[in-house]
Amino acid sequence: MTISTAIIFAVIAIGALALVFGLVLGYASIRFKVEGDPLVEQIDAVLPQTQCGQCGYPGCKPYAEAIADGDDINKCPPGGEATIKKLADLMGVEPKPLDAAHGEEDVKKVAFIREDECIGCTKCIQACPVDAILGAAKHMHTVITDECTGCDLCVDPCPVDCIDMVPIAQTTSTWKWDFESSPKGDIPIKMVS
Amino acid sequence: MYPSFDSIIETLEAGKMYSFPGGVHPDDKKSLSNTSVIKKPSLPELLIVPLRQHIGSDGICCVEVGDTVLKGQILSQSSSPFSVPVHAPTSGEVVAIAPHVVAHPSGLTEMCISIRPDGKDSWCNLFPIANYSELDKNKLIEAICQAGISGMGGAGFPTHIKTSTSKPVEFLILNGIECEPYITSDDRLMREHAWQIRQGLDILTHLIGPKAIVVAVEDNKPEAFEALNIACQDKKDYRVVSVETKYPAGGEKQLIQVLTGREVPRNGLPADVGVMMFNVGTCYAIADAILHGKPLIERVVTVTGEAVESPSNFRALLGTPVSHLLDEANYNPKKQKAPKVIMGGPMMGFTLSDATIPVVKTTNCLLVPAKKELVDDNAERPCIRCSACADACPASLLPQQMFWHAKAKEYDKAEEYDLFDCIECGACAYVCPSEIPLVHYYRQAKSEIRIQRDEKNKAEKAKQRFEARKERLEREKLEREAKHRKAKEARLAANKAKEQNAVAADKANSAVDAGATEAKDKVAAALARAKAKKAAMQAPANGESMTANNDEHNNTTDDKKAQVAAAIARAKAKKAAQAQNDIQEESADEASTTEAPISQASSPEDEKKAKVAAAIARAKAKKAAQASQSIASSTEKPAGSNDEKTADFSDTETNAALSAEAQKKARIAAAVAKAKAQKAANKRENGQPDESVSLQGTSAQSNEQSVSQPEAQLDEKKARIAAAVAKAKAKKAASQKEYGSSHSTEADAEEQNVNSPKEAGVPSTSHQNNSASNVNAEDSDRNSSAADEKKARIAAAVAKAKAKKLAQEGNGDLASSPDTAKQERSKASEQNESSTNAAQATSTQTSSQPTEQDEKKARIAAAVAKAKAKKAAAEQEKESE
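Those sequence lines, one after another, are chains Y and B.
So the first sequence is numbered by my numbering: it starts at 64 and just counts up by one.
So the second sequence is numbered by my numbering: it starts at 386 and just counts up by one.
If we strip away everything but chain B, and leave its shape as in the complex, we get:
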């Protein structure tokens, strides 16, 4: 692959050298300055120390404006492993920390610390390390880093990075070639400070531990070669070799190739081929840093060119403005067309844009060419494809191809021609007969490509960020949707639960909280009253009924009214029903006012009362029968088509009509009237609307009571029946069953009773159109039970609530009836249209289908009934008293 270590040593011993391709032999012009000893220039008025003087990142400034600094004091701290600190070149005051033009072809500014020297040049405390060979290598490397040493050959690579390599190093090469024309700084340094360079080499050898040490000096510097030879003569393994003068032999890769025959791979480091190379200036600085403790604050700078009277080498403090050194070298502006200073050599340097640019660690030369030294700016002519550049290229590239593509801005193609292997030595431009500044094109192309790479990296990062953001937004959206969906589901579930519990809860609430229901009832009643007025307007019979004070008549008129109301608005029907309750209640009130004295007087003597009532009722019944028949026929027409209720109504009306004839009916009517009277008497003190609403239930109850009384039923039983009926109005079937079961002995009478409340109650209540009327409740219950279990459950819950209510309150009946009314209202409004049609059928099925529920209901009803019975008994007792 490449020459082995032994063969290289053999070659070196034989004094033979390898070579690198190409190369040029320009006039070296070193004689201008190589005879002048290194001078120390006077202190400039201002020193400008850039924070970054090397490849890598800036350090962090650790002084402030106004601070007084000592010579060698650290000014910036390393912010990354790739940065080295800078130090105060002399003692003085920090006058500015600001951007300043720096040594860069762009003439752009970078952060610089300006120090005004105080002239004392007093050092800070120095910590030399004399016994470096006993010290840990890392400590030495740290000391080198803290001394701010970076490569002084030109590139400025931080030395501590280089020395801390882990790769095995076969050759440590000290580069004393200095192949570029004009420059003599290294030459002078080697001549004058060979011993210190040798000391630095010792340190590096200790640090790196190479197999062989080679000091390479170009053969045009025999004095330097001799000096180094003398300095290294006691060390046999330090080989000082003289290298043939050929530009650019001083290039790192080229020198490695010359000495070892090895080629540093592309994108590789010399360490990859087992070689490490240091500039003699760096070596000198390392010796200074370790043995004297002095940081890197000065360097040798050649100021040369024909425009300076006395070209010389200066040991210039870093930060010394270029203009100061030019003055020291007696710069003669007359010899230039325009002021022009080149920093670096004539082949690789760049023109400075400002004379105040400071000397930095990599500044080895300041070239001030005279007029005739300069090439005309517009000397560029077209490429003639002579390929002289290719012959001269030390990197074996094809300069004209790269130039071609670089000029056409086809950077990718230029890259294909290995543009980045170009070391910008300028050999191609030197040989070009067309005066094409080839290196400039390469530099431009390189910076362009670097920027494009940066942009591409940035674009890649932006893309990643954009995609990450998109992903995040998408995720957030999904999460939000999921949340909303969950919330919706929860809401729906809650609604369902509410629906299931709503009525029950409502009932429970209203039942438990009598006050609340009362308030509600009041509102409902108020609404109902308004509707009743409407209904009254549509049914003039209402007034008639009011005046007639006949229950049955009242009922029939109510019936009519209710049907009208139902026809108008079925949804409002329940309210209307309450209103009718109101009306009925009013009528009942009236009845009670008229009949109350009688009934009350006769209340102890039931029979008498009943008879009187019956007598009155009979008379009324006759009237009512006539009226109701006519009304029934009229009301049947509109309502019958729509409703089952109307059918019910018609049935009840016909019943009522029949009852007008029948004694029983009359008795019932009488009983109703009387019961109402009783009730009214009992509840007179109660709020009207409440009473009105509740009265239906009580009326029905009292109906039964009154009906049963004439038949000499036991009070308890009566009461129980009444209670059961009132309750069972919600669950007719259940109540019927219960009646059937519990009162089987009194089948006829009971059935009559059962019927009678139905009939009497139906007229009285059902007209009210699903109002508080129990019949409607029953209907709807049936419907619901037939329709679905839910309703049944609701009904059961309602019943339970009612039972509680009843158990709690003596007015349970009263309270329950509005409850049922409400419940019905909701149910009826839901189901009126659909269920009522099926209601007939379902009513027939109620006995068979909803038996389980009926049982349940029956049980509840029984419980309720018991409570009611107690209440009724108490009332009865009261009444009797």
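One chain only, chain Y, in its complex shape:
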């Protein structure tokens, strides 16, 4: 076997390998194609979905897209510190303090309509991003508390200012252990043993 035939064989072998791998990769790129932008979905999952628009975007998904495109992660007051932290983890950036321009982190609130003052204008119903207000024209409206995200968007449109944002009352099921209000070490037997 001369050198030239060896070279030819080598080229043929390499070419065949390249072809095989090319086919495999090509198939894989089709077979395992990732639809959409998974990052946006992940960011959207972290955001609190209040759809309040305090970030300056019309809803949480648009903000998620903006973050994916490089916007700041500290524009979500409803999510607060926890959300910023999660976003920082997700995006691989340093957590920043909440941008005060977009609002302050506050306790969770829900809208409450003072029903005797409601004139039934339906404006809050149109404003509600999650259809959590029930009512009809010229009939009293009321908020479905469980569905309310506390986005605040219904307060401004109300012509008679009968909507209040009230903090969600804590119940035993939503209560968190708090070291300030509950004593820590209550294993009395320890001292004895």
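It is possible that some hints are incorrect.
[Claimed, not checked] Below, computed lysine to any residue pairings styled on SDA-like, alpha-carbon distance capped at 20 Å:
{"id": "1", "chain 1": "Y", "residue 1": "K239", "chain 2": "B", "residue 2": "R854"}
{"id": "2", "chain 1": "B", "residue 1": "K846", "chain 2": "B", "residue 2": "L858"}
{"id": "3", "chain 1": "Y", "residue 1": "K148", "chain 2": "Y", "residue 2": "E167"}
{"id": "4", "chain 1": "B", "residue 1": "K843", "chain 2": "Y", "residue 2": "G116"}
{"id": "5", "chain 1": "B", "residue 1": "K841", "chain 2": "Y", "residue 2": "D107"}
{"id": "6", "chain 1": "B", "residue 1": "K798", "chain 2": "Y", "residue 2": "A145"}
{"id": "7", "chain 1": "B", "residue 1": "K843", "chain 2": "B", "residue 2": "R854"}
{"id": "8", "chain 1": "Y", "residue 1": "K186", "chain 2": "Y", "residue 2": "G116"}
{"id": "9", "chain 1": "Y", "residue 1": "K239", "chain 2": "Y", "residue 2": "G143"}
{"id": "10", "chain 1": "B", "residue 1": "K843", "chain 2": "Y", "residue 2": "K186"}
{"id": "11", "chain 1": "Y", "residue 1": "K124", "chain 2": "Y", "residue 2": "A81"}
{"id": "12", "chain 1": "Y", "residue 1": "K149", "chain 2": "B", "residue 2": "K798"}
{"id": "13", "chain 1": "B", "residue 1": "K792", "chain 2": "B", "residue 2": "R854"}
{"id": "14", "chain 1": "Y", "residue 1": "K239", "chain 2": "B", "residue 2": "E430"}
Calculated directly from the structure, the hints in this document are not laboratory data.
Keeping the supplied structure of chain Y fixed, place chain B upon it in accordance with the hints.
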């Protein structure tokens, strides 16, 4: 995988046990209270019964404030399968249904029913089920549920849920371990009520049908073990086993592991490994509920700790305030730095925030520790990574890692270390040399994670709702747009149809509704008059023509006026035309007033009349010829550049000028004058504007009449021609054809006639600039027919309308001419600019191109003409008379 049933039985028979990892051996401190028999405390002043005393949802309160309730009476009804009712612990009055602090570490309030005991302690009707083994299992389970029984070991899981499992159960385990220090309630219960526990076990066995029954008692309770052994001695398959004391052997998972060597899978239930476990207290309550019919209204509570003088076990009514039991146990506040009561055991209990908190179904112990029993609150020191906690953990977790992450609020990482497999036994905290309250951190982390999960679920729901709303809004928008588009299309279609029908409809309306048209005409005429005045100002010849009373002169002046008017405003031209009609009519009126006597006198003798008229006309014609020539030259300049009409006008004017010389023309003029006179005479009584508008047509008609009369034409024929002409002015070509065909014999005369109306009519009408003038109608018709079919159709429709009108009314001619005028107006305004340029060409084509339409028109015209002829004949007859 895990030990088989047989091997487990073998192990149990051999008295060997499996074990669970970790565990601690704290001082059990049970000797404080385990020697005191279960006492019945005095009735408290107030019983506070929380509506929710178990895991699951609230029941619905079914009593009202002020109601008197009996002992055992149901107070709340199950709202879901996961809720159990609560019952009145004693007879008395419901004094409040309000939120009250409940047995929860948070010290938050929940709905409670407060009952003031009446001291009688009278039971409601009880329904014991003695022969439970003959009863349907579902009925038994229902009875257990209605008795309000939930797990009394600590978790409070509704028992009826547990018993209604469909999974095969190999082992039914009765948990008498009570591994937590201090607590002796189960111990005392087993010692004193072993038989009833055995009865409860019988019921459970009947319900569940396990392969093996194991009663497990920790080996630090030999009395209880002995009592149960005696109670179960007649049943060989009830295995009472003693279990090595190790905290937390009493934990469900741990005990299962100890007895069977099986591990309950994560997120699984004991039933998943073929095991079902009940607390002895629960078992006792089941026996009470089934055999005595008593609901769960009391339980054994250990009140212990060094701060009470006489630690003891109480059979406390549910709802008894903690403070009442402490008093019963001689609580000594001096032994505590601050009042502190722990509900539950020292390892797993929680500190109560209020002494009025009631005893609930899960309250097994009230621990009142003395000063030296307590750990200093600020004793926590940093973790030294000694891993003692990991060694102690019965669940084989890594407590220091979980603590690390829980403290840093990295809950997801804490979860990765299986935080939720932690049973919060407190073994890790017990062994911690740094006094770290590890369980507290875990509890906090767990509640935090649960809340985050809830929030996440809520966020997911909110997102779905938001997206659904967005979708809905989008859909509504599209629907609205589609609707609008459809409406627009419909509107456009309607407009098109209207456009197509508009003129026809208008004509039809106006033609059919003469009154309406009259009104319109009046308005139009009024407008026209105003314009005519303007025109008159611009054409002083107008006045001259008025004074001259010469038709031709009049026409020429009209012509001039009209052209001026056209030059000023072509759109207004038609109105102006009407105005000119007016003027002409006025002039005609004048003519009629002057000539009427003559014409009327001569009307019977046509020839004479005609001659006289001709004589007069001739003289006028000469004048007019001079005038018109000069005017024509002047008017041609401005108008000729713009219009075909001006060309027409100029033609007609030249014709008129020529006619001044020619006899024929003179005759025509005379005829026109006379016809007008006749007409005027006929229509004098008619409204001026109407007449004025209509007069054009009639004048044209009468022109012909008069022209034909001197030529001795037959009246009928004349009339027909006249009618046809009048009508055909709208369709000149058609009329020409008809004339050509019908009057071929009289070709010359006819043509002359045809021409003459044209010429005479054109001067008289066309100056009026597309006004009622038929020539214009003809022009526009030609234009339109040449231009497009639509126009032709419209024209046809108009013609039809006219025909109807004519047929209906004797004044058809009169009416039709304004109609045509109007029609023309609209058409002319549309087309003046464009079509008139082509009009010359189209006029030449009219004979060839629009032949089909012409035929149609001709037919219509013929029909109309017939009607007109009749009318004319009648008129003629009248006249002659």
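Verification of the hints:
At most 20 Å may separate the alpha-carbon atoms for a hinted pair to count; K239 (chain Y) and R854 (chain B) exceed this at roughly 33 Å. A hinted pair counts as satisfied when its Cα atoms are at most 20 Å apart, and K846 (chain B) with L858 (chain B) qualifies at roughly 18 Å. For the given pair, K148 (chain Y) sits about 16 Å from E167 (chain Y) by alpha-carbon distance, which is consistent with the 20 Å threshold. Taking the CA atoms of K843 (chain B) and G116 (chain Y), the gap is about 17 Å. The hint holds against a cut of 20 Å.
As the CA atoms of K841 (chain B) and D107 (chain Y) are separated by approximately 11 Å, the hinted pair is consistent with the 20 Å bound. Of the supplied pair hints, the one linking K798 (chain B) and A145 (chain Y) holds, its CA atoms being roughly 14 Å apart against a limit of 20 Å. Between the alpha carbons of K843 (chain B) and R854 (chain B) the distance comes to roughly 16 Å, so the proposed pair stays at or under 20 Å and holds. Our distance criterion of 20 Å between C-alpha atoms is met by K186 (chain Y) and G116 (chain Y), whose separation comes to about 18 Å.
Of the pairs offered as hints, the one joining K239 (chain Y) and G143 (chain Y) holds, with about 17 Å between alpha carbons and a cut-off of 20 Å not exceeded. Of the supplied pair hints, the one linking K843 (chain B) and K186 (chain Y) is violated, its CA atoms being roughly 24 Å apart against a limit of 20 Å. As the CA atoms of K124 (chain Y) and A81 (chain Y) are separated by approximately 42 Å, the hinted pair breaks the 20 Å bound. At roughly 12 Å between alpha-carbon atoms, K149 (chain Y) and K798 (chain B) fall within 20 Å of each other, so this suggested pair holds.
With a C-alpha separation of about 40 Å, the suggested pair K792 (chain B) and R854 (chain B) falls outside the 20 Å cut-off, and the hint is violated. Taken as a hint, the K239 (chain Y) and E430 (chain B) pair is broken in the structure, with Cα atoms around 33 Å apart against an allowance of 20 Å.
Violated hints for the displayed structure, listed by number in ascending order: 1, 10, 11, 13, 14.
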